[in-house]
Structures are given as structure tokens and as C-alpha cells.
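Student: Sequence:
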Amino acid sequence: MNDRSTTVNNCKAFSQLPLAATSPLLAVQVTRIGLPRSLCTAHHVMALTHIPFPALPMPPSWFPGHMMKFTRMLPALLTRTDVVLELRDSRLPLTSINRTLEGALQKWRLERGWDPNDASRRVVNSTACERIIVLNKRDLVPEWGLEPFRKAMSSRFPDQQVLFASWQRPRDIRDLSEMLVNIAKKYPYAMELNVLVIGMPNVGKSTLLNALRNMGIKGRTPKALRTSANPGLTQALSTRLKLSLSPLVYAFDSPGVMLPFLGLGEEGAERGVKLALIAGIKEGMYDVEALASYLLYRLNILNPISPAYLQLLPSGSPPIIDVEEFLESLARRMGMVKKGAAPDVRRAAVYFVRWWREEGGLISASSALQIADRRSLARPAVAGLRTDGV
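With the numbering used here applied, the sequence shown corresponds to residues 2 to 391, in that order.
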């Protein structure tokens with residue numbers, strides 16, 4: 002076997018890892034991070050097979066009473082809802098789907114006249130019935146991956162409008178506001194358009210609604226909804242929030258609802274850790290060192306030659322596989338020591354995870370997680386709106 006065929010076969014092996022999508026995506030990754038394609042050699046790609054998958058804890062059960070209450074209320078709420086605005090996290094566009102709400106949403110659509118045999122066609126069109134998927138926090142993922150994923154989602158789910166957004170981008174808020182206003186104008190005999198905002202915890206529902214209100218109502222408006230970086234702040238349906246005066250558009254914020262069961266085995270464990278990494282699960286339910294271990298694994302898989310975390314370590318440091326070794330090196334680099342000058346690995350783990358959430362995800366693990374999700378989009382199971390198993 003010549004060197005060329007060895008390289009090709011190893012690149013194929015890489016494409017079959019849970020992280021990767023296809024060999025063209027590997028080429029895109031190598032190009033986007035500023036490395037020549039020639040670096041995809043047998044030596045470098047084979048190194049990926051020696052990155053062990055970390056041992057992950059079993060996912061916790063976090064489904065407090067207010068989540069159960071909203072889930073039971075949803076069918077009745079939908080009877081007076083014209084638009085469902087479902088927010089997901091752009092970093093995990095499939096994992097942040099809450100499939101437990103799908104039954105009520107599908108029943109609502111059928112009752113409003115959508116063809117059960119053709120998801121893109123309405124038989125009766127007398128009242129509004131739209132579902133908009135907002136992939137929020139787009140500012141935390143690489144721009145190059147957004148449009149291909151949006152097109153894939155629109156093709157797979159023709160009955161849903163899909164867009165990426167960030168409350169920090171006025172153009173995104175304007176586009177979403179205009180979309181809601183245009184839907185309202187299609188039904189001039191309706192007195193108002195009622196929008197229900199749903200999604201998993203901490204995907205940014207309240208923050209986005211505040212931005213929509215400020216965009217749609219001229220003049221200064223106070224912040225109408227409380228927001229927090231921690232999941233679970235909103236625990237009840239909000240009062241009506243006016244988003245537009247003419248036509249009248251109102252919105253209701255709702256509690257973030259977690260999956261009552263994250264799954265069995267490695268699949269469930271990985272789903273839980275991914276949601277915890279984006280702060281979608283109550284803080285403290287996961288050991289931060291377990292999150293750091295999985296994050297280190299993902300960063301190494303994404304770029305085994307020069308993973309993004311190297312910018313946190315002393316200059317010239319090589320990639321590190323062992324999480325204890327990595328956290329000790331990071332702790333020393335940041336001056337995080339305990340009594341006796343021992344490195345404080347827990348503080349280092351907290352710093353590492355926070356760094357990724359705020360900065361490192363843009364060019365590192367967020368694109369890795371997104372690619373894992375994008376790969377799952379091609380699976381038949383996703384057509385049933387199940388979360389990805391990666």
C-alpha cells in the first residue's frame with residue numbers, strides 16, 4: 002500500500018468517528034483553522050484513534066415540578082397560539098430539541114389544517130399556525146457552518162421556518178420581528194397574533210424576547226423579562242408581552258423544559274454532558290472536572306495538531322490527552338494553587354469550561370459539537386424529531 006492510499010484510508014477512518022461528518026468536512030475543518038490540507042497525513046490522522054473517549058457520569062434526572070406543569074398545560078395553550086417560536090442553541094442544534102413537546106405540537110398543526118400526509122401543505126388556512134425554529138446564540142458558532150445547516154434543516158422539515166439569531170445582532174432581531182409582523186398581516190381579520198416561545202432551559206428565550214420588544218415598540222422600553230446565565234429562572238408562563246403595535250403581536254415566555262429522561266448508556270451520558278457544557282442543566286448536577294474531560298476530548302478530536310486550548314497553556318506546550326495533566330498545567334499557568342503549592346485542578350476546570358462558553362467555542366468545540374449534530378441530521382431517526390445520539 003502506497004503512502005497516498007494510507008492517507009486516504011486513514012481519512013476515511015477519521016470520517017467515521019462520532020465527531021466527524023464526511024471527508025470533505027474534514028478538509029473544510031483543516032482549511033478553516035488555517036492549516037494546509039497536506040497536514041492530513043497518515044501520521045496525524047492516526048493519532049486520533051489514540052484519543053480515548055472519556056468515562057462520563059450517568060445523566061442526572063432534572064425535571065422539576067414547574068416543567069411538568071408546563072408540559073401538561075401546553076395543549077391548552079396551543080389552542081390560543083398562532084405562532085410557536087421554538088428556540089434552540091446553535092452550538093447543539095439537534096441535541097437542544099425537546100422531543101417531549103412534539104406530540105402536542107403535531108396535534109396543534111393537524112387541528113389547524115395542515116395536511117397529515119404532506120408536512121409542507123395546509124388544507125385549511127383560515128387561522129395562523131406557524132412554527133419558527135430560532136437557532137439562538139449564533140455569535141458563539143463559526144459563521145461558515147450556519148447556512149448549510151439551515152438549508153439542511155429546511156429541506157428535512159419543510160413545515161418549519163429556520164433561522165439563526167443572536168440578540169446582540171440587531172439585523173437578526175429585525176428579521177425575526179418582520180417575520181412575525183408579516184405573518185400577522187396575512188390574517189387581517191384576526192385581532193392579534195399570539196406567539197408562544199418554547200425551548201429547553203437557558204437557550205435564551207427571555208433575552209431574545211426582550212430584544213424583540215425593544216425592536217418592535219418605538220421609544221424606550223424597560224426590560225420586561227428577568228434573565229439569568231443559569232437555567233431555571235423562568236418557572237411560569239409570563240404575562241403577555243407586546244412586540245408590535247400595528248399589527249398587534251403579543252408573545253408569551255415559557256419555562257425552559259428539560260427532557261425528563263436523557264437516555265441510557267453512553268448516548269444518554271454524552272447528551273447530558275453536552276447540555277451541561279452549554280449551561281442547559283442546573284449548575285452543580287455535574288462535576289466540573291467531568292465536563293472538562295469531555296471538552297478536552299472534543300477539542301483534541303477537532304484539531305489533534307493544534308487544539309484551541311493551547312492558547313491557555315505555556316507557549317510551546319504540546320496537545321495533551323490526559324485531563325489531569327492538562328488541568329494541572331492550566332492551573333500552574335494561571336497561578337491557581339492550593340496550600341502547599343499544589344495545582345488547584347478544580348478551579349482550572351471551572352476556568353476551562355467558562356473559557357469555552359465565552360470565547361473558545363467560536364473556533365473550537367462549538368464547531369465540533371455542531372458537526373456532530375449536523376451529521377445526525379442525515380439519520381432517519383431525526384425525521385421523527387429525535388435528538389441526535391452523538
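Treat the hints loosely; a few may be bogus.
[Said to hold, decoys possible] In silico DSS-like cross-links for lysine-lysine, where the CA-CA straight-line distance does not exceed 27 Å:
hint: 1; residue 1: Lys-243; residue 2: Lys-219
hint: 2; residue 1: Lys-108; residue 2: Lys-187
hint: 3; residue 1: Lys-340; residue 2: Lys-283
hint: 4; residue 1: Lys-219; residue 2: Lys-152
hint: 5; residue 1: Lys-243; residue 2: Lys-187
hint: 6; residue 1: Lys-219; residue 2: Lys-186
hint: 7; residue 1: Lys-219; residue 2: Lys-70
hint: 8; residue 1: Lys-243; residue 2: Lys-70
hint: 9; residue 1: Lys-187; residue 2: Lys-219
hint: 10; residue 1: Lys-186; residue 2: Lys-108
hint: 11; residue 1: Lys-152; residue 2: Lys-108
hint: 12; residue 1: Lys-152; residue 2: Lys-187
hint: 13; residue 1: Lys-152; residue 2: Lys-186
What the hints contain is simulated information worked out from the structure, not anything from laboratory work.
Student: Each of the hints needs a verdict: does it hold here or not?
Tutor: Consistency of the hints with the structure:
| no. | hint | result |
| --- | --- | --- |
| 1 | Lys-243 to Lys-219 | holds, 11 Å |
| 2 | Lys-108 to Lys-187 | holds, 23 Å |
| 3 | Lys-340 to Lys-283 | violated, 30 Å |
| 4 | Lys-219 to Lys-152 | violated, 33 Å |
| 5 | Lys-243 to Lys-187 | holds, 19 Å |
| 6 | Lys-219 to Lys-186 | holds, 19 Å |
| 7 | Lys-219 to Lys-70 | violated, 35 Å |
| 8 | Lys-243 to Lys-70 | holds, 25 Å |
| 9 | Lys-187 to Lys-219 | holds, 23 Å |
| 10 | Lys-186 to Lys-108 | holds, 25 Å |
| 11 | Lys-152 to Lys-108 | holds, 26 Å |
| 12 | Lys-152 to Lys-187 | holds, 25 Å |
| 13 | Lys-152 to Lys-186 | holds, 26 Å |
In this structure, the earlier hints numbered 3, 4 and 7 are contradicted, and the remaining ones agree with it.
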